[in-house]
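S.K.: For reference, the chains in residue letters:
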Amino acid sequence: MTQTVIWTVAILAVLGFLLALILFWVARRFKVEEDPRIDEVEKVMPGANCGGCGFAGCRAFADSAVKAANMDNHYCPVGGDEVMQKVASILGFTVTAKAPQVAVVRCNGSCANRPVVNDYDGAASCRVKAALYSGDTLCSFGCLGCGDCVAACQFGALSMDPETGLPVVDAQKCTACGACVKACPRHIIELRNEGPRGMREVVRCVNKDKGPVARKACAAACIGCGLCMKTCQHGAITVADNLAYIDYTKCKLCRECEAVCPTGAIHGVNFPRELDKEAVKKRIADRKNKEAANG
Amino acid sequence: MEYFLIIISAIFVNNILLAQFLGICPFLGVSGKLSTATGMSGAVCFVITLATVVTYLLNQYLLVPLGLTFLQTISFILVIAALVQMVEIILKKISPSLYQALGIFLPLITTNCAVLGVAITVVTKDFSFGGAAPHMLNLGQATVYAVATSLGYGLAMILFAGLREHLAGCDVPKAFKGLPIALITVGIMALAFLGFSGIV
Amino acid sequence: MDNKKYIVSPSPHIHADISTTSVMRDVIIALSPAAVVAILVYGWAELLVLLVSIVSCVLLEWAVTRWMMKRPSTVGDLSAVVTGLLLALNLPSAIPLWIVFIGAVVAICVAKLPFGGIGQNVFNPAITGRVFLLVSFPAQMTNWTPTPGFVPVPDAVSGATPLSLLKEALKGGSTIPQFLASNDFSMSSLLWDIGASAGELSAGALLIGFIYLLIRRVVKPWIPLSILGTMALISVVFHTVNPDIYTGPVFNIMTGGTLLGAFFMATDYVTSPMNVWGGVIFGVGIGLIDMMIRYFGAYPEGMSFAILLMNCTVPLLNRWFHQKKYGRT
Amino acid sequence: MSKWHFVTDGFVKNNPTFVLVLGMCPTLATTTSAINGLEMGLATMFVLILSNIVISLIAPKVPDKVRIPVYITVIATFVTVLQLLMQAYTPAAYETLGLFIPLIVVNCIVLGRAEGFANKHGVGESALDGIGVGLGFTASLTVIGLVREILGSGSAFGWKFISGDGILAFVMAPGAFLVLGFLMVLFNKYLAKK
Amino acid sequence: MMAAASTLKNMVLCLTLVCLICAAVVGVAYAVTKEPIDAAAQAKTTASIARVLPESDATPQEGSVRVGGTDYKYYKVDGAGYAIISTTSGFGGLLSLMVGVAEDGTVHNTTVLSHSETPGLGAKCTTDGNFISQFQGFNPAEKTLAVKKDGGDLDAITASTITSRAYALAVSNAVDVFHQLKQGGQDDE
Amino acid sequence: MGKVTFSRGGIHPRDCKYARECAIEELPLPKTVYVSMVQHLGAPAKPLVAPGDSVKVGQVIAEPGGFISAFIHSPVSGTVKGIAPRKNLAGDPVMHVEIAVEGDEWDPAIDRSGDLVTDIPDDKALILGRIKACGVVGLGGATFPTHVKLSPPPGKVADCLIINGSECEPFLTSDYRIMIERPKEVVVGAAIMQKVLDGCHCVIGIEENKPEAIAAIRAAVAELGYPDIRVQVLRKRYPQGGEKQLIDAVLHRQVGSGGLPIDVGAVVQNVTTSFAVYEAVQKNKPLISNILTVTGDKIPAKLQHNYLFRIGVPLSFVMEQAGGIPDTAAKIVSGGPMMGKAVSNLDATTVKGTAAVLYLSEAATRRQKESHCIRCGKCADACPMGLEPFLLNRLYKAADLEALEKNAAQDCIECGCCLYSCPAHIPLLDHIRQAKGQVMGVIRARAAAAKAAAEAKKQ
Ligand SMILES: Cc1cc2nc3c(=O)[nH]c(=O)nc-3n(C[C@H](O)[C@H](O)[C@H](O)COP(=O)(O)O)c2cc1C
Ligand SMILES: Cc1cc2nc3c(=O)[nH]c(=O)nc-3n(C[C@H](O)[C@H](O)[C@H](O)COP(=O)(O)O)c2cc1C
Ligand SMILES: Cc1cc2nc3c(=O)[nH]c(=O)nc-3n(C[C@H](O)[C@H](O)[C@H](O)COP(=O)(O)O)c2cc1C
Ligand SMILES: Cc1cc2nc3c(=O)[nH]c(=O)nc-3n(C[C@H](O)[C@H](O)[C@H](O)CO)c2cc1C
Ligand code: SF4
Ligand code: SF4
Ligand code: SF4
Ligand code: SF4
Ligand code: FES
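Protein chains in written order, with our numbering: chain A, 1 to 295; chain B, 1001 to 1200; chain C, 2001 to 2329; chain D, 3001 to 3194; chain E, 4001 to 4189; chain F, 5001 to 5459.
Hints in this document: simulated from the structure, not taken from any laboratory.
Hints may contain errors.
As the list claims (entries may be wrong) - Straight line, CA to CA, 25 angstroms or less: simulated DSS-like cross-link-like pairs of lysine-lysine:
#1 5081/F with 2325/C
#2 86/A with 216/A
#3 1092/B with 67/A
#4 4182/E with 4143/E
#5 173/A with 230/A
#6 4044/E with 1125/B
#7 216/A with 5406/F
#8 3013/D with 3189/D
To be verified - Among chain C residues calculated to face chain F with C-beta under 7 angstroms, some are:
#9 2005
#10 2011
#11 2015
#12 2020
#13 2071
#14 2073
#15 2118
#16 2119
#17 2274
#18 2276
#19 2277
#20 2280
#21 2320
#22 2323
#23 2324
Since the structure is predicted, the reported quantities are computational estimates derived from the model, not experimental observations.
Idealized CB from N, CA, C, for every residue including glycine.
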């Protein structure tokens, strides 16, 4: 009996000893060097593998970031500054903070605003539709309504509004990965700074037709009249090709443009109060008068 | 003839995955892609064969003479663990791409029931093929049994990986996505493999 | 000009007069001779089996797609009817109807809908149903006692298919000549296979249906031909070597589920390879496995198992075999 | 802070069968009846608790390269002890569960918990985790066994409620996979949401 | 918590140490359970013998005999008969029975020691009362030990002819062993 | 020689050539025409006139905008009103020259007589120059500038000119009418091109469902006695007229992926192109008119026409002249039912390549609801290029560009056989067209990168 116990102990001890020895030798003989920071960086990445950073996935990003000289070409929109800070600290870089962004739909051609003039019967895909023709309304710039952007968003931030037939962004879920921007064949979606408390001023139109043509196609179209540009005191608005555009880095959210737009193409979002157009108009008029008096 | 029957039996009739339920975790885990599945099958095949031979010798020439067969479990698993770790280290050096693909599953070969299961089965079970009297396998038969069993593992794995790659493109209802549909697929595969019953 | 909304779509602007439903309707038409013969020979019992099978398949598909998967129902495409029909033709007429229902549940709710429904299942639903029943209810599934039919038939063998009787005898150690001597039927009467599943009943009816499918270009002949060819080849070789224990080619092709399987079940689009050569390999595999089971396995015949097993290989065959492209070598 | 959740997590959030999907082999092989499932679950739990405790104790001192061999040795020790005890005191259960008792060594749950939990937590938490996961495993196996027994043999915990056979496929290999697959659907649908 | 470094010394030391301790634990466990295990095995054998042979006070005597090239283990119980262990190939693997043959050559009872038949089919050889009871008091001199399909007098388990056949063969072999033992015994005396 | 056809794929749609008996009529002139600057493959043409200019019929109004581009001539006489973007068929803005029609005064250099001129100039350069100056482009569908096609790149030799008279699409009858009304001109045109290509063989391929055309062309060939021109009867099968298929059918050669017919020694030209070449070379008449068929299903016979129309006439005018849009029309297609473009803008103008105005009824054209692919393989059987549309469709959805290229998405000729045959009504071609575009983009980018790399190396 004791003999059994002794043999047991002996065999297992020898076995353990031998195996440890062999393992150690093998480990030395077949050593592989790999930058351990790749794993570390990958660990802090969000792991969505969405490609929003321009790399083939989170690991590819990590792999490249570790080799990079600085962080200029590496930014993960999903993880945002928080993650980038962590990555930078692992790699010993500094990053400049980027303002959080969000996807913005620049078309307001709802069924009510834009009459449908033909009956599209092809594959339900904006890409296919855009390649075929200018669309089932007279606006050859606006949303085609087949929801390619919705399909492209892997964060569930987009959905088609059944009433307007237009996509809506859920700013809470949007990570600004930009997949929808790439998916939209009409270039309607744009990434913009989120703005203070999410407040933004947007021209919700991309129609570059001349005023009357645009107007005929869509009641909510920007007709390129330039009133907004003239009104804006901050030089945030430009009009090119009959279309106004608000530079979100310059916009001070005064909402004067919104008040003067004759077609209502300019929209303010997330403002706490509704715009009192008349009051603003009056304010503008007063200012103009004063300027006229001074000048 | 007996070798032939061992092979048929181990691959088809008593398929290690579909009839014996050994090594299911990596089977479910790495079968998503055909290339990975093939690599994993190769690795498992190699480890099973090696482990079976080593443990067979260990049992035959050490444990049995000393009357220590109760040490089978513990000593076998030690040998297997060391073997797998060796394979892992070597693979990392020789084929980093395969190593990448197999990821966490290489260490899991250690905890793959198939390896220990075959090693234990071979030294504890009587076999009888083609009307021969029940007997323990000799070293040659044990080796053939191990190779054939792991080929059966590879066969089921590769077929399953093919099916799963196909399923990835299917519009599987949400609740069934992933493992449930994979399990149902294996279930029907196991059903099909029952057709071989009675052949050996 | 006017305000009419004209249709706009990419080309082409016309479509062949064909749909999933029309294809399935053709299969149903092709199977009806066999079903009619079965009803005539096995009477009300067979009719009930057919009805229960088809109705359960259709209702289950409807209910599950609508209420559980919350998708538009697909019963309109008639594929559930085909499944029900083929399942029924694979069962003995004397089978209890609740077992038929279980078969339908397996076919539709296990083999078809969890995979996403029509076109996406990897295993042939009817065969999955039948194999499940074969494994689960060995006694009932091998009780081939003929139920009273509407037309008198000669030579009714009772209780078991000639195949299973033969298998029993061979397993028990006797030879084919001994078997024939001890039973009062001849080899040729075995071919007029009365104690068999409804679908196995009449080679003629099945052949007519298959020819119809060929003419309507619903199926191509490569898969059935390679199955039957392989079986014939193997039988010839084995039968020549030892006629005492290995049956010959005509027997193997005419008995059991061979024809039904080769013509109608191995050709299911969804669960067979897309490419001609893939299909040939698929067929050869089925023939091989069926003969292996017939000669060496526990079951008297293995068409269902063989098809189900080869179903597993379809994704790989589709991956390996591709159509020859224009202008490329 | 209550540590009770280490135990309850094992049932739903960390359910070894339906969430972690580990230890599939015994799950499928030994669940031909509710009792068998229960026995297997308890046997596994025994090893799980003890190895969790011991590994949480020794983890800090184990060099990385021999970590797995060491853990496995510890687990194998408890399995061998279990084998001996079962042979001595519950020989019938030992026979039904057969090969799958020694295979507890390689049950991914045991090593998985050792690697994933015990070597990062204290003794007490590890023990509780062992209990929780062990109970979760036992519960899952018993449920699977029960379903298969009811469908396959027409009985529950050995009590037969129909005469004759059940649907035999459910006691065979295919039934194991199918039942697990469908139960997983139900689990995901009704429990995992929380 | 940081693991100790993977130096040769640490690795070898750690693994050896763990093995040592574990071995000790296992060894002790073995020592402690050896007796109960033997007792359990003994109990099982005794129980099996008690099932297959008429009640008797005599202690079974273990023996082994070679019949037709196969070794059979048996227990002789004085005054009751022989309990013979007989193994054949069933459907799924080996089927091992203990067959009790009374002194008069009739089968007293049988019990399955181990099998790997299909649950629900062949596995019923352990539970199917109708099947098992056929062997109780079976007199091989009067009836044939084979299933009806093979021209014998036994009803097979439903849909499990192969298992039933193997069972019958095992019993029949045991009877042969009994006769051999009887002859041998007479020779001895 | 018996009937020949291409070696794989293809479909057999119903013929529907309802307008086959309608003789070619001349379409009256509208008040205004709009001449598009994009009437050919390649770069848009550059206008040479200014508003207020007055122009004669046949006067050059735009010059080629690049190597692959063509001259455009005024189809009418009158005053240029404006040069401005105008929506084309698809509603996209394209530069048009608007001309108010005044009378019908032709450029005097044009021979307007109906006499047949059979003497072919000897000078190859002269012929090519005339073809180019007359703005002849292929009228078989792609509107590829003909003079470019007739000038094989150095090192490549054409050994067979194939004149494409298959007109395999249902409904269309314009090529058919040309063949039976002007067979001799077509044959002379062929002989001219034969000469340009250094006297190679010439085969005129015509599908078997046009026996009259076969007879007429055969008679013309026999009568005119040009060497080495023969008529080849083709079996009826769509897309017999696709040049890759036609070359396969006639010469048993297959053009490699990404290759051109000239790579296998073939040049393919449509019969109406041949007619246009005749008019350009022998009559100095620029390509300012073409034949179009107005037809459709479920429409009265009186709405069916074959018109000789002046390019630049709005479609709405054509339809008005033809008797108005029938009530049964649910879709209006410019071109055939397989390859034509659906018209979303009825005011779009005709261009050189316009071949038909086709009215399709709701029942004939409405796409049925898409269901799941049943893997019947009918699409793959139908594909004349040997592609596997079901697979391409799946790969497109998975956005697997690499696999798409491996499975030759770029080889698709957009014939539509796959979509036509699919019992599950999957919009295969809609997706494959996208896939093809994406793969072509990748291939082009790769080629450009390779070229840049090679150049960088040189320096
Ligand atoms: C999965 C499976 C398991 C089986 N298991 C057994 C078994 O355990 N015992 C047995 O005798 N036959 C078994 N069989 C064989 C069949 O039931 C066979 O038909 C039967 O043994 C002979 O038929 P009969 O007994 O009805 O005459 C099995 C068959 C299959 C497919
Ligand atoms: C699918 C398909 C079908 C075609 N069918 C015809 C046809 O019927 N007749 C024809 O002349 N060209 C047809 N073409 C165009 C030819 O491929 C080729 O471009 C033309 O014959 C060249 O002559 P061209 O340059 O004179 O137009 C078809 C092209 C495709 C892709
Ligand atoms: C970019 C490009 C270059 C081409 N170059 C030639 C050429 O050099 N020679 C030639 O015979 N055809 C040339 N082709 C014409 C094509 O072979 C083909 O006839 C034309 O695209 C119309 O074919 P389809 O109607 O079948 O589409 C060219 C076409 C393209 C798009
Ligand atoms: C030629 C042909 C054969 C078919 N064979 C079967 C069959 O064997 N079993 C079955 O369930 N359905 C069959 N179907 C119907 C249908 O394709 C099948 O249910 C699909 O697997 C459902 O996705 C067949 C259909 C066709 C067109
Ligand atoms: S809405 Fe657009 S940018 Fe925002 S997460 Fe979705 S795809 Fe990305
Ligand atoms: S925004 Fe762009 S992608 Fe989205 S539905 Fe409109 S057109 Fe399509
Ligand atoms: S459209 Fe393209 S893929 Fe479809 S049949 Fe034609 S060539 Fe093939
Ligand atoms: S024709 Fe349609 S249903 Fe058939 S394989 Fe092609 S895509 Fe699928
Ligand atoms: S329990 Fe995980 S592989 Fe067996």
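S.K.: Quick check: which numbered hints come out false for this structure?
M.R.: Hints 1, 2, 5, 7, 9, 13, 14, 18, 19, 20 and 21 not satisfied by this model.
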